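Chain order of the listed sequences is C, B and Y. Going by the working numbering, 171 is the number at position 171 of the first sequence; the sequence numbering is gapless. Going by the working numbering, 110 is the number at position 110 of the second sequence; the sequence numbering is gapless. Going by the working numbering, 91 is the number at position 91 of the third sequence; the sequence numbering is gapless.
The hints are simulated quantities; they were obtained by calculation from the structure and are not laboratory data. Each hint should be verified, as a subset may be incorrect.
Claimed, not checked - Derived Cβ-Cβ restraints for the label pairs, each shown as a range:
#1 Tyr25/C x Ile5/Y: 25 to 33 Å
#2 Leu42/B x Glu400/C: 54 to 62 Å
#3 Lys27/C x Gly85/B: 24 to 32 Å
Claimed, not checked - For lysine-lysine, the following DSSO-like pairs were computed, each having C-alpha atoms within a straight-line distance of at most 27 Å:
#4 Lys70/B x Lys27/C
#5 Lys69/B x Lys153/C
#6 Lys69/B x Lys27/C
Bear in mind that the values here come from a model prediction, so they are computed numbers and not experimental data. Heads up, the beta-carbon is just placed ideally off N, CA and C, and yes, glycines get one too.
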Amino acid sequence: MNNVLVMPMIIPVIAGILLIFLRPYIKLQRWVSFLVMIVNAGIAVYLLNRIQTEGILRLDFGGWEPPYGILFVADSFSVILVLTTSIVTAICLLYAFSSVGKAIENMYFYSFVNFLIAGVNGSFLTGDLFNLYVCFEIMLLASYVLITLGGRKAQLSESVKYVVINVVSSWVFLIAIAYLYGTVGTLNLAHLSERIAESGQTPLLTVISIVFLTVFALKAGLLLYFWLPGAYSVPATAVAALFGALLTKVGIYAMIRIFTLLFYHEPSVTHTLIGILAGLTLIGGSIGAIAYKDIRQIVAYNVIIAVGFILVGLAIGTQAALEGSIYYLIHDMIVKALLFLLAGTMIVVTGETRIDHMSGLIRNYPSLGWIFFIVMLSLAGIPPFSGFIGKVLIGQGAIETGSYILLALAFISSMFVLYSLLRIFLNSFWGETIISKEDKVPMKKGWIIPCMLLSGGTIVLGLGVEAIAPYVLDAANTLMNPQLYIDAVLNRN
Amino acid sequence: MKINNVILRTVSKVVVFIILTLAIYLFLSGHHSPGGGFIGGLVMASALVLLFIVYDIETVQKAIPVDFKKIAAFGALLAVGTAFGSIFFDVPFLTQSFAYFDLPFFGKTELTTVTIFEAGVALVVVGVVVTIILSISEDV
Amino acid sequence: METLITILAGVLVTVATYLILSRSLIRVILGTAILSHAAHLLIMTMGGGLKIGSVPILGEGNGTFVDALPQALILTSIVISFAVTAVALVLAYRTYQETGTDKLDELRGMKHE
Numbered sequence: 001m002n003n004v005l006v007m008p009m010i011i012p013v014i015a016g017i018l019l020i021f022l023r024p025y026i027k028l029q030r031w032v033s034f035l036v037m038i039v040n041a042g043i044a045v046y047l048l049n050r051i052q053t054e055g056i057l058r059l060d061f062g063g064w065e066p067p068y069g070i071l072f073v074a075d076s077f078s079v080i081l082v083l084t085t086s087i088v089t090a091i092c093l094l095y096a097f098s099s100v101g102k103a104i105e106n107m108y109f110y111s112f113v114n115f116l117i118a119g120v121n122g123s124f125l126t127g128d129l130f131n132l133y134v135c136f137e138i139m140l141l142a143s144y145v146l147i148t149l150g151g152r153k154a155q156l157s158e159s160v161k162y163v164v165i166n167v168v169s170s171w172v173f174l175i176a177i178a179y180l181y182g183t184v185g186t187l188n189l190a191h192l193s194e195r196i197a198e199s200g201q202t203p204l205l206t207v208i209s210i211v212f213l214t215v216f217a218l219k220a221g222l223l224l225y226f227w228l229p230g231a232y233s234v235p236a237t238a239v240a241a242l243f244g245a246l247l248t249k250v251g252i253y254a255m256i257r258i259f260t261l262l263f264y265h266e267p268s269v270t271h272t273l274i275g276i277l278a279g280l281t282l283i284g285g286s287i288g289a290i291a292y293k294d295i296r297q298i299v300a301y302n303v304i305i306a307v308g309f310i311l312v313g314l315a316i317g318t319q320a321a322l323e324g325s326i327y328y329l330i331h332d333m334i335v336k337a338l339l340f341l342l343a344g345t346m347i348v349v350t351g352e353t354r355i356d357h358m359s360g361l362i363r364n365y366p367s368l369g370w371i372f373f374i375v376m377l378s379l380a381g382i383p384p385f386s387g388f389i390g391k392v393l394i395g396q397g398a399i400e401t402g403s404y405i406l407l408a409l410a411f412i413s414s415m416f417v418l419y420s421l422l423r424i425f426l427n428s429f430w431g432e433t434i435i436s437k438e439d440k441v442p443m444k445k446g447w448i449i450p451c452m453l454l455s456g457g458t459i460v461l462g463l464g465v466e467a468i469a470p471y472v473l474d475a476a477n478t479l480m481n482p483q484l485y486i487d488a489v490l491n492r493n
Numbered sequence: 001m002k003i004n005n006v007i008l009r010t011v012s013k014v015v016v017f018i019i020l021t022l023a024i025y026l027f028l029s030g031h032h033s034p035g036g037g038f039i040g041g042l043v044m045a046s047a048l049v050l051l052f053i054v055y056d057i058e059t060v061q062k063a064i065p066v067d068f069k070k071i072a073a074f075g076a077l078l079a080v081g082t083a084f085g086s087i088f089f090d091v092p093f094l095t096q097s098f099a100y101f102d103l104p105f106f107g108k109t110e111l112t113t114v115t116i117f118e119a120g121v122a123l124v125v126v127g128v129v130v131t132i133i134l135s136i137s138e139d140v
Numbered sequence: 001m002e003t004l005i006t007i008l009a010g011v012l013v014t015v016a017t018y019l020i021l022s023r024s025l026i027r028v029i030l031g032t033a034i035l036s037h038a039a040h041l042l043i044m045t046m047g048g049g050l051k052i053g054s055v056p057i058l059g060e061g062n063g064t065f066v067d068a069l070p071q072a073l074i075l076t077s078i079v080i081s082f083a084v085t086a087v088a089l090v091l092a093y094r095t096y097q098e099t100g101t102d103k104l105d106e107l108r109g110m111k112h113e
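Okay, chain C solo, but in the shape it has when bound:
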């Protein structure tokens, strides 16, 4: 029995509900949520190792055999993402303990973080298209609440846009599901894949795939990212870090899953389109990242560049490129969380949001400065940090298939990432210090330790690539061979 498969989703749900009853006990709430994430990470490691020996695992809810019931499927790709999510969330929670403040913590903050994680993990693990929609909605509902917690004017007006955009994109998702169900008559991903393969992906199905592309492009911020910088710059730092690390990644995951498992027969249409969108995203994100002086905007545009970069890997679609995408996805979850935490900390200690109003921070807070330096190198893809391997593999894939334009765009965008972060570094950390000894906000341990943990994460991931290589290889292998997934789900060995 594979009941352990549902744990990464159901444990956060139960914890979230229980925490509603434990409202007055904030200390308890903190450590329960932290423990949930640690347990989830443990389960993910266990699952990952079982998948290597037993192949793809599945759990039929209520004993209904696929394709009739809904089910959870765990392959290496999804479980790697569950593992990363758990670790990153645990660390963001550590940061939240000392930063969000009693007023927000009291408004069921930890419950909603748990629900958010339940939705994210559910989206990664589900093997049914409609269930994916439901998990997306769980995640989005929790994020609607988290983004408004605090209730400042800017937060409210940004979250109105965020909610409306997401409601409309969910509507498109529903429409796409309706069309697909009407055309092929099933919603189980493996069964869908089989039926689409049988029909050879007719033009009608290709059009439906473009509708799906629109949905996930909105969710992931692929070209349709206009809502993202505003929405990600208003919530509390820990929440923004969670959003930056997780939410767009779920959209990317769904896109990679759909376009490697279901609609992979017409790459000249779909994958070319993804490539064009990814290229435009890279250009737009790069321009945004160097255009603003508000540190939160710069960081948010860096998220967009990463989305474009990961999807370049999908657009190329070779084994090496997909491996690169997976590496970069893991790397980006860790590093974007760190980047948001650092930006939030800089804003708190200086009381400014514009980089030209900050100066000489490295004198006051040397550790913060050095961690920022590490992030910068890691995001630019300099070895031995974790960004390197992903960039090399995506580059290798691009050269193999001769996609030189995408290659050029991807690597030029890395220069822009480096430049935008270097600009923050030069403006805010170098120069004369503007903070006098009396006004200096003491650096709390609760702020700097999570940052250190995450920067440790990027170094470990960079140096220890060998250790996770077999898992990533297996994940990319499953993505390249949809038959493996279909056989595991529909029981045809």
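On the provided structure of chain C, position chains B and Y as indicated by the hints.
For chains B and Y alone, coordinates are given in the frame of chain C:
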């Protein structure tokens, strides 16, 4: 805010019970015919909302001194708990079971674990709807 | 029947688009609610939920039966859109309280640069 509307008050005293009966009927019939926890819960919530309209919020809260957020949470716990319970019997998550019992008065009755799940759903709906209405109408 | 429902869904989408593009926040939220109903009708039509037949239970009915899945999908999706609309309404109310307006053009943008 107190409305002194005699007709509304008199009628609602009766109607609320009719609505509540309908809610329970819908809830119980949900297993084999149209109805179920969500609909039953909505109807039940509408009865409560009618009370809130006819009498003012303070009066009703004095009569029903519960925190509706907690009710919603309890319902969610119940619903997830029945799903989770199947894990302890070593069957797939969300498995339901049913059996026939010879109850006095009702005769042969089908009892299922789905009913517990549905009760959870109904409680969630009641809790959530009333919470929303209360939080919007709090300071008008 | 299918044609009729499809046209109805189209009309609902038109209405919803009009409402979403209007300036008042409350109208936008009503628009999203109507939009989701249009999607439900579409699922119903696309999934063959409009066919006439008996319940899909073995041993009952006379051979023709309807697909139960679209109805299950719609029920789930109605619950979700109920929850989303509820959250959006509360959000709109809080926004109105905080900013004193429900006009979207007055809520525009944060001030930067």
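How the hints compare with the structure:
Distance hint check: the CB atoms of tyrosine 25/C and isoleucine 5/Y are about 52 Å apart, inconsistent with the given range 25 to 33 Å. Range check, leucine 42/B to glutamate 400/C: Cβ separation about 57 Å, and the 54 to 62 Å hint holds. A C-beta distance of roughly 30 Å is found between lysine 27/C and glycine 85/B, which places it inside the suggested range of 24 to 32 Å. For the hint pairing lysine 70/B with lysine 27/C, the CA-to-CA distance comes to about 20 Å; that is within 27 Å, so the pair holds.
A hinted pair counts as satisfied when its Cα atoms are at most 27 Å apart, and lysine 69/B with lysine 153/C qualifies at roughly 26 Å. Simply put, lysine 69/B and lysine 27/C have alpha-carbon atoms about 21 Å apart, close enough for the 27 Å limit, and the pair holds.
The structure does not agree with numbered hint 1 stated previously, though it agrees with all others.
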